[in-house]
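J.: Following the hints, complete the assembly by docking chain B onto the known chain A.
So the protein lines, in turn, are chains A and B.
Position 77 (the first sequence) corresponds to 77 in our numbering; numbering is contiguous.
Position 298 (the second sequence) corresponds to 298 in our numbering; numbering is contiguous.
Derived lysine-lysine pairs resembling DSS-like cross-links, with alpha carbons at most 30 Å apart: (1) B:K220 to B:K231; (2) B:K255 to A:K6; (3) A:K101 to B:K231; (4) A:K114 to B:K226; (5) A:K121 to B:K220.
Restraint-style ranges between C-beta atoms, simulated for each label pair: (6) A:P143 to B:E54: 51 to 61 Å; (7) A:D23 to B:K248: 31 to 41 Å; (8) B:Y300 to A:P37: 51 to 61 Å; (9) A:D104 to B:T325: 48 to 58 Å; (10) B:R233 to A:D18: 32 to 42 Å.
No lab work stands behind these hints: they were computed from the structure.
Using N, Cα and C, we set each Cβ at its ideal position, and we do this for glycine too.
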Amino acid sequence: MPIHEKTLLAPEQVLTSDKLVVDGVDVSGHWNTMILPRTVTDYDPDFYQTIQKYGGGENVHRCWQCGSCTNSCTMYAINTDFNPRYWIYLVNLGMVSELLKDKDIIWQCVSCNKCTNICPKDVRPEGVMKALQHWMEDQGHVPKAKSTLFDEEFARQCLERGRIEDSEVMTKFFKKTGQNLMELATKGWLGIFVARMNKWNELKEGRIGRFLARMPILHPLHMALAIVFKPRTKSWGRTGEVLKQYVEEQKRVAHG
Amino acid sequence: MNDTILVVGAGPTGLSAAAGAASIGRNVVLVEKENVLGGAPILSGYAKLVPSGEWAKDAIGRMVRRVESDSRVTIHRATKVTRVEGDHGDFTCTLSNNQTVKAGAIILGTGFTHFDSINKPEWGFGTFEDVVTTTQVEQMVAAGKIACPSDGRVPQRVAILLCVGSRDRQIGREWCSKICCTVSTNLAMEIKEISPRTDVFIYYMDIRTFGLYEDKYYWKSQEEFKTKFVKARIAEVTKAPDGRLLVKGEDTLVKRPIVIPMDLVVHAIGMDPNADNPEIAKVFGVGLEKHGFLDRGEQYTSTFSSTRRGIYVGGAALAPEDIDTSISHGLAMAMRAVGELAGAVEKAA
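Okay, chain B solo, but in the shape it has when bound:
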């Protein structure tokens, strides 16, 4: 029986799980495929986080340092798990750096992949320079400057298109990515803070700023920052002769076609299942659910269990998830992993 916990993925979920298991005296091995810890918020250069308003590099940076400075946590960067043998309480894992890790339980915080807008060519990403993604605007905000990539001008008008890569049967994304509405309403405010004279339009089917994000993001964005909400799913983004972009669609509230000039078009990209999920499923012997996210086991008394005993899964590996909830998942998984191992030891004794 081995009581070491193997944590896969060093994003908010994995960092939280690793710190959690270490805090109750367990040895943790943390494996991250990238060379940098922190996951999507760090790798994609997010600006301020919802709802704390803290810069991602500060907030997630603290999580990284907490794990790095913990003597119970061994970290493998730029490393993948290539083989998992054994069973709950006695796993033997082979890493891509040829080391072997013996662990009693495995926590998967393997996260998601941003939707690649190239899969919606009609919305102009990859065709027009001034069509960008929310991730790119996050980076602009973090750098303190909002500009059109084509010529560096400050946009007079920004259109944010919601549900890009979400709620779209045409491209096999039948889920709501949960956070894009909140992220977009927040970005609209951040754009306004940097460039008060820019008008921001959000093209929506529904606004799903869940829980407390309703008034703190949606209402605030509309009422204090004068973000315009237009009910239209854009059909096509094209270019006008003067170089500005044209968003074409039907405004369903006025029942009229629209062709509106914009300077910058932002895709509010959704959360895809991690592109590595087929590989992860194979290596760890866990199941995928119908959309391609990692599947859950029984939820009510075996919370965060995967389909394989001794392997736990949480955060955005399960489904689109926000950072705060992912952090809670990580801590809950540490509790489950350590607790179930202790139970197994008791039973054996």
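Chain A on its own, in the form it takes in the complex:
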């Protein structure tokens, strides 16, 4: 007997023993297939307030499930499991375990904001995706997203010195996300990226030209100096500490 609507079941809900004897009857294999109940037995009606406290999630309770967000979604076109409409519904009724089934793809939102522009109730689904990702990171449901790691490094430099150093943001970001900078520069997209930024086409010709194109001289020199000397904004003083304290306070107020 095939299981109808099998797509509705998570694999761990379907139990089958290879060998099983019940009351002397051999029911090995699919004869003993049991399905764990899928019944929703309660809501968490206040859960949406948790998400509302993250930037972007403020309007999540307005959703009336028209599905415009999912229909317009760039990611949904590639992966139909990426369903903002559905996650918003789960947030509003507080079906957290159902929500967490998709925890590993919510970060994929590319922030094209087509959903935000089309939403008739101004729910701002793109913001909800961000809020969800941040909530999941805070709760430890998912590792920090690459964008979060980037933000953290960016903010760290801002607070410490009142300015950022592009090269340091980049190198630290690549390091934290486990990407090999040298490999990306010599073989990967980073080298091509730099080469394409190069305005002197003739430099791209020949072995040496290609090497030089991928190895700009002055900019890296400037960046290297900045890494060594780590200049701060003039009169920065304790500003960073005060700002940091303020940010932490605000976080405490919002999320407890």
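T.: Below, chain B without anything else, positioned relative to chain A:
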């Protein structure tokens, strides 16, 4: 030729028709089968009306007093029309109090009957005390207290089930009752106003808060009062061992069965054809349409005509209708009745 107008039914439609015909100098006889004037909003003890937000007893009370204080209107309470003879311009009507009324035209504002939830036993009304109807919650709101009938506790959770007695072929109700979505979203807000810590869930197939009720009721209820809208038609209401109610159904948006504990379950009951319609059809010689409401005649140039000349029908006697529209129907029928009689007089002269 008689220019008296007989109005049957003293709800919003009839009260409006009577006042309208009297205001242009006609004598009106108003016949109401109940002992109290005002129709469903008064008899069923509605709370605040949509969209004015006025208490029903104040708003409809004003309509009643306007008619009662009008010397051109003769009122028969606790009375029915038992026989109608004659034709347009010259009807002779016998009342159940044995009086006879001569009238040129008849206006039927005979209204509707609330759906009796006992006809949907699977939803627990009549079985569990804490399953009630929107009418009962209206009365609770009017009394200023939301409580579970079983033990008087304030409900933590209320489920309002839409389309109870509407859009249901199983029980022969194939119409949308038009006002229950708006009434329910409004009730959710009123419940929250009385008990801010109560969570209200509305179980829906569609939300049909038509016209300006969209944002004033549906959106407001969801956005400001945090009413939860769950897309599920409940299959069954049962009771948990702890005494709370369980609503069972399928949430079609998550494609999963649900069994959710609730303290109070409210049936958003629809509008049935008036239970007396077969009798009304027989007495007045007018037709019924396929659902059992009173039938219309030609609509575009003989607006609000019934299937019999000289008899007009409007309000919730025609189809599920809201109060404001019923009031407009009443006034329009007065215009039609008086105007057509005047035309008949001219032709005769």
